[in-house]
Every structure is written in C-alpha cells, then in structure tokens.
Amino acid sequence: MAKLGFLGLGIMGYPMARHLIEAGHDVALWSHSGAKAQKLAAEKGGKACATAAEVGAHADCIFYCVGDSAMSVELCAELLKGAKPGTVIVDASTVAPSASRKMSEACAAKGVHFLDAPCTGSRPGAESGNLTFMIGGDKEVFERVKPYFEPMGKKLYYCGGAGLGLQAKLTQNLVLSNLLNAFNEGLVLSTKAGVDPELMLEILDNSAAKSGLISFKAPYVFRRDFATNFSVKWMHKDIGLMLESSAELGVPLPLTGLTRQMFQAAIATGHGEEDICSTIKVLEGLAGVEVKAKEK
1 MAKLGFLGLG IMGYPMARHL IEAGHDVALW SHSGAKAQKL AAEKGGKACA TAAEVGAHAD
61 CIFYCVGDSA MSVELCAELL KGAKPGTVIV DASTVAPSAS RKMSEACAAK GVHFLDAPCT
121 GSRPGAESGN LTFMIGGDKE VFERVKPYFE PMGKKLYYCG GAGLGLQAKL TQNLVLSNLL
181 NAFNEGLVLS TKAGVDPELM LEILDNSAAK SGLISFKAPY VFRRDFATNF SVKWMHKDIG
241 LMLESSAELG VPLPLTGLTR QMFQAAIATG HGEEDICSTI KVLEGLAGVE VKAKEK
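Going by this note's numbering, the first residue of the sequence shown is number 1, and it counts up by one from there.
These are computed hints drawn from the structure, not numbers from a lab. Nothing here was measured: the structure is a model prediction, and the numbers come from that model. From the three backbone atoms N, C-alpha and C, an ideal C-beta is built for every residue, glycine too. Possibly wrong hints are sitting among the right ones.
[What the hints assert, rightly or not] Per label pair, the in silico range of CB-to-CB distance:
(1) ASP225 <-> PRO254: 39 to 47 Å
(2) ILE11 <-> LYS146: 22 to 30 Å
(3) ASN178 <-> ASP225: 21 to 29 Å
(4) GLU244 <-> TYR157: 18 to 26 Å
[What the hints assert, rightly or not] Listed below are the simulated EDC-like cross-link pairs for lysine to aspartate or glutamate, each with C-alpha atoms no more than 20 Å apart in a straight line:
(5) LYS102 <-> GLU248
(6) LYS292 <-> ASP138
(7) LYS210 <-> GLU198
(8) LYS39 <-> GLU22
(9) LYS44 <-> GLU140
(10) LYS237 <-> GLU74
(11) LYS110 <-> GLU54
(12) LYS39 <-> ASP26
(13) LYS102 <-> GLU127
(14) LYS39 <-> GLU140
(15) LYS139 <-> GLU127
(16) LYS84 <-> ASP68
(17) LYS110 <-> GLU140
(18) LYS102 <-> GLU150
(19) LYS155 <-> GLU140
(20) LYS146 <-> GLU22
(21) LYS44 <-> GLU150
Input sequences plus hints: build the corresponding full structure.
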C-alpha cells in the first residue's frame, strides 16, 4: 500500500482517485469543493484534506487533474509547501508545456520530482480505469511510480523529457478536434442534401474516412445527446494551447486556427458546458438543418 495523493475531483479526477483507493492505496484527497473529497472519503475510505499542502505532507506520490495552466501552477506551488524531498508530483492536467517545464524546475529546486502526464479517454475512460497517459519527465522516476498509474489507465506512453507528454497530448487533441470539425461539416452537408445520417455513418465506417472518434460520437449526435464527456470549453482551451505551442515552435496550424473559431462560436451560442459533439449545432443553425436519426 502506497501513500498517495489526488487533487482535483471533477469529471475525470473523481473516478481516477476512486480507482487508486480501490486498488488498496492510502489516498489523501483535496478539491476546491471540499464536499467532493469528503464524499469520496466516506464512500471509499480515502482521507479528505483541508488544504493542498496537507496532501503534500501526507503523500509520497501525488496526482492532480485540474482545468488550466493557472490552476495547475497554483496547485503545484501549494503542494510544494508540504511535500518532502523525493516526493513525486504527477500533473495529469492538459496545460501549456512551457508552464509545465517551469513547474518541473520549481519542483527540482525543492528536491521534488515532477512528471507531466496528461491523459485521454474522457469520462468513459476515467470511469472504467482505461485512460491513456502520455508522460514527460525523468524516465527512472516514471518507472518507479508506474504501478500507481495502472489502476487509472492501461496504456502508458513515455514521451521524453519535461513537457513532452503534453506535446503528445496536444497533438492528439489537435487531430481529434479537426476531425470533429470535418465530421460536422460533412454530416450537415449530406443531411441538408437528403442523405440519411445513419446511412452516411455506415458509409464512412466502411471507407478510408473511417474514424474511431466519428464512430463513437455520431450516435450521440443522432439521438441529440450532448451530455458532457469532454466539454466544448475545455477543448477550446486545449486548442488555444496548441496554437500557443505552434507560435513558440514556428509551426503554422491553419486548420486548427479555424477549428478554434468554430469552438468559440459554439461557446458564444451557449454550448460551452456541453460535450464537444455539440459543436455541430453551430453549422446546423447556419444551414437550417438538424442531424438526427429518423424516428422508428
């Protein structure tokens, strides 16, 4: 049994922390909403902490998953107030690689190890313990704490030095968000022309355009189910990080720039808290058509 910590108990973090407790570890818990930590502790036996520093003092390996770079930097600083030298801090958030490298340096100055380990799989992956992690940082440190990842995710990819886990995650989300935008355009066009959406999906699934993302998300669109697995606002944030990274590295991302504007339009029209597949509503509104399954 390891002494672990988990901070940030949102859509992803709550089930991730639950899996660590169920694996038999002693897990200190903290969230901005103290009630979430208390609830999980009462349900599964973790230790609810009043502050992040308290988690830092308790645990030898600490995971956290929060919304953006500012939250991550603030939380890391709080953890360092309590963390002992030799502690490993693992940031499972999707944040700016530049911010992550600075956190790694701040940790090193205190004798603390830091790994960037963003994950993918959305709510279903977090609930089932089948997330995919992309890890950046010292490889020996990662190998030492690798068993603690395994209750949360089965696919673990070591990507290289500090920040490279995040670069891999941003690339994955870049492809995903642009694919989603292409799906939105294609299905609005074919539906407006009169092709049945479910027939169109079958055609896509049996062609070179087949996509795991499309196969998974299309049925949600067809039944008009936009409950959040991964929200528009958080993908919009991630696309901004992609463009920030591209500016730092001198890489043009023209398609991604347009996709971000479509996500911005979805937020502006009230869909920011909904699942990313709700971005199709922007084009539907402009085209005067709704992509949905036929009534049976």
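Legend entry - Earlier hints that do not hold, by number: Going through the list in order, the structure violates hints 1, 6, 9, 13, 14, 15, 16, 18 and respects the others.
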